[in-house]
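S.K.: What follows is each chain in one-letter form.
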Amino acid sequence: MKRIVLFVIACACVAAVAALARPTAASASWCWPSCSSYGYLGQWTSTHTGCWFSAGEVCSYYDSWFNLGMAKTCYPGCDWNFNTTGIVLYGFENHDRIRGRFSGRGAVTLYVRPDELSMGGLLRAQVTWYAGTNQINAAAIG
Amino acid sequence: MSGRIRVAIALLVLGVAAIAGVLVTRGDASRDTAALSNRGGPPIAIHGLRMKLATIRTGTVLARRNGRVFYRLRTVGGDPCFGVGFATNVGSPGSVVCQRGFPRSGSPVLDLSVYEGTRHDATEFSLFRAEGFAADGVAAVQFFRQNGEVALSVPVSGNVYSAASVPKGPIAGYAAVDKDGKRIWRSP
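Going line by line, the protein sequences match chains C and G.
For any residue, its number in this note's numbering is found by taking its place in the first sequence, counting from 1, and adding 3.
For any residue, its number in this note's numbering is found by taking its place in the second sequence, counting from 1, and adding 13.
Just chain C, same shape as in the assembly (with noise of 0.2 Å):
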């Protein structure tokens, strides 16, 4: 018994390092819907976590953000300008406002930071549905 106490305790220590050892919020990270795959952001879409549309987007935590970053693929299809049929806006938001720029084209990766909105402080970064079916990975950097 008093073995298994004493591991208890070594493991508490470890994950207490490990958890300091953590980055900061300097460099704070949102993926959607990870980091390292594209989900579908359709009508009814969300993260639950109290974004500006109640459906129909995907939002990060508030922070600070660096910039925003956006990858459309063409799925169900690109036309021959590699237009799709789904529409986005991609930014950020705030309590007061959404502000983005709109996108329906697929294969295409897009960035903007928040001053280019003429936004600041603490946001949310944020991809909203406009219309059809889109494909994406989206990513804030702090």
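In case anyone wonders, no lab produced these hints; they're calculated from the structure.
Heads up, some of the hints might be wrong.
[Said to hold, decoys possible] Derived CB-CB ranges, DEER-like:
no., chain 1, residue 1, chain 2, residue 2, range
1, G, Ala135, C, Tyr65, 22 to 28 Å
2, G, Asp45, C, Ser57, 40 to 46 Å
3, G, Pro183, C, Ser57, 16 to 22 Å
4, G, Glu162, C, Thr88, 23 to 29 Å
5, G, Pro168, C, Gly53, 39 to 45 Å
6, C, Arg100, G, Gly104, 28 to 34 Å
7, G, Thr101, C, Tyr43, 35 to 41 Å
8, G, Gly186, C, Thr50, 23 to 29 Å
9, G, Thr68, C, Cys38, 15 to 21 Å
10, G, Ala135, C, Gly53, 14 to 20 Å
11, C, Pro79, G, Arg52, 32 to 38 Å
12, G, Pro168, C, Thr50, 38 to 44 Å
13, C, Ser67, G, Ala48, 38 to 44 Å
[Stated by the list, open to error] No more than 20 Å apart at the CA atoms, straight line, and that leaves these computed lysine to any residue pairs for SDA-like:
no., chain 1, residue 1, chain 2, residue 2
14, G, Lys65, C, Ser37
15, G, Lys65, C, Gly145
16, G, Lys65, C, Ala110
[Claimed, not checked] Listed next, the stretches of chain G that the computed footprint assigns to chain C, with coverage defined by at least 3 CB atoms under 8 Å from CB atoms of chain C:
no., segment
17, 57-64
18, 98-109
19, 113-119
20, 126-140
Note that the Cβ used here is the ideal one computed from N, Cα and C, for glycine as well.
Following the hints, complete the assembly by docking chain G onto the known chain C.
M.R.: Chain G only, in chain C's frame:
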């Protein structure tokens, strides 16, 4: 496999190849002449981008309008990109789009306008800033309301458009018009 079947398969393959050749040489793929004649200034160093999927080191400035800079960029991998940013920090675009398919006759406008929403109950967005890139032959970009009324018309010069101010109210889409005012393309 009999000789007849082999000959039939060979003819089928040749037929498909011939049709594909006609489509490529006579179709839109080879006839599309959309272009940006504005080549911009000399290459400049691009900095301040922390873009994992698109490493960009140099670019050219296509234009400066209304305190904004319009960049033509290329990733180290050769993919075409476009960017915009504030003129107070030239060489550091605040927004970058890397995509193929622009410019094309079926895609003559790359709109980088900023839209804003203030309602939670409706996906209505108004213009916060109007700007972007347009192919040769596009004389202006029109932003229109839900009822089709033109809310803003921004002239294109040097393949770039930029409005000094924008009207209030929801915008439903935008369109490209030629020098005669004829609408030659509209957004989805």
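S.K.: All hints, please: hold or fail.
M.R.: For each hint, the structure was consulted:
Checked against the hint of 22 to 28 Å, the pair G/Ala135 and C/Tyr65 passes, with Cβ atoms roughly 24 Å apart. As the Cβ distance of G/Asp45 to C/Ser57 is approximately 42 Å, the hint placing it in 40 to 46 Å holds. Range check, G/Pro183 to C/Ser57: about 20 Å between beta-carbon atoms, so the 16 to 22 Å window is met. Between G/Glu162 and C/Thr88 the beta carbons are some 26 Å apart, a value that agrees with the proposed interval 23 to 29 Å.
Range check, G/Pro168 to C/Gly53: about 42 Å between beta-carbon atoms, so the 39 to 45 Å window is met. Against the hinted window of 28 to 34 Å, the Cβ-Cβ separation of C/Arg100 and G/Gly104 comes to about 29 Å, which satisfies the hint. As the Cβ distance of G/Thr101 to C/Tyr43 is approximately 39 Å, the hint placing it in 35 to 41 Å holds. Distance hint for G/Gly186 and C/Thr50: a CB-CB separation of about 28 Å, consistent with the stated range 23 to 29 Å.
Restraint check, G/Thr68 to C/Cys38: a C-beta distance of roughly 18 Å satisfies the suggested window 15 to 21 Å. The supplied range of 14 to 20 Å is met by G/Ala135 and C/Gly53, whose beta-carbon atoms lie about 18 Å from each other. For C/Pro79 paired with G/Arg52, a C-beta distance near 36 Å keeps the hint of 32 to 38 Å intact. In this structure, G/Pro168 and C/Thr50 meet the distance hint of 38 to 44 Å, their C-beta atoms being roughly 41 Å apart.
Under the hint 38 to 44 Å, the C-beta atoms of C/Ser67 and G/Ala48, about 41 Å apart, fit the expected range. Distance restraint check for G/Lys65 and C/Ser37: the Cα-Cα separation of roughly 15 Å lies within the 20 Å cut-off, and the hinted pair is therefore satisfied. Pair hint G/Lys65 plus C/Gly145 holds up; C-alpha atoms about 14 Å apart against a cutoff of 20 Å. Our distance criterion of 20 Å between C-alpha atoms is met by G/Lys65 and C/Ala110, whose separation comes to about 16 Å.
With 3 residues carrying a beta carbon less than 8 Å from a beta carbon of chain C, the segment 57-64 of chain G meets the three-residue requirement, and the given coverage holds. For the segment 98-109 of chain G, the proposed coverage by chain C is satisfied: 5 residues have a C-beta within less than 8 Å of a C-beta in that chain, meeting the threshold of three. Under a criterion of three residues with beta carbons nearer than 8 Å to beta carbons of chain C, the stated coverage of the segment 113-119 of chain G is upheld, 5 such residues being counted. With 9 residues having a Cβ less than 8 Å from any Cβ of chain C, the segment 126-140 of chain G passes the three-residue criterion, so the hint holds.
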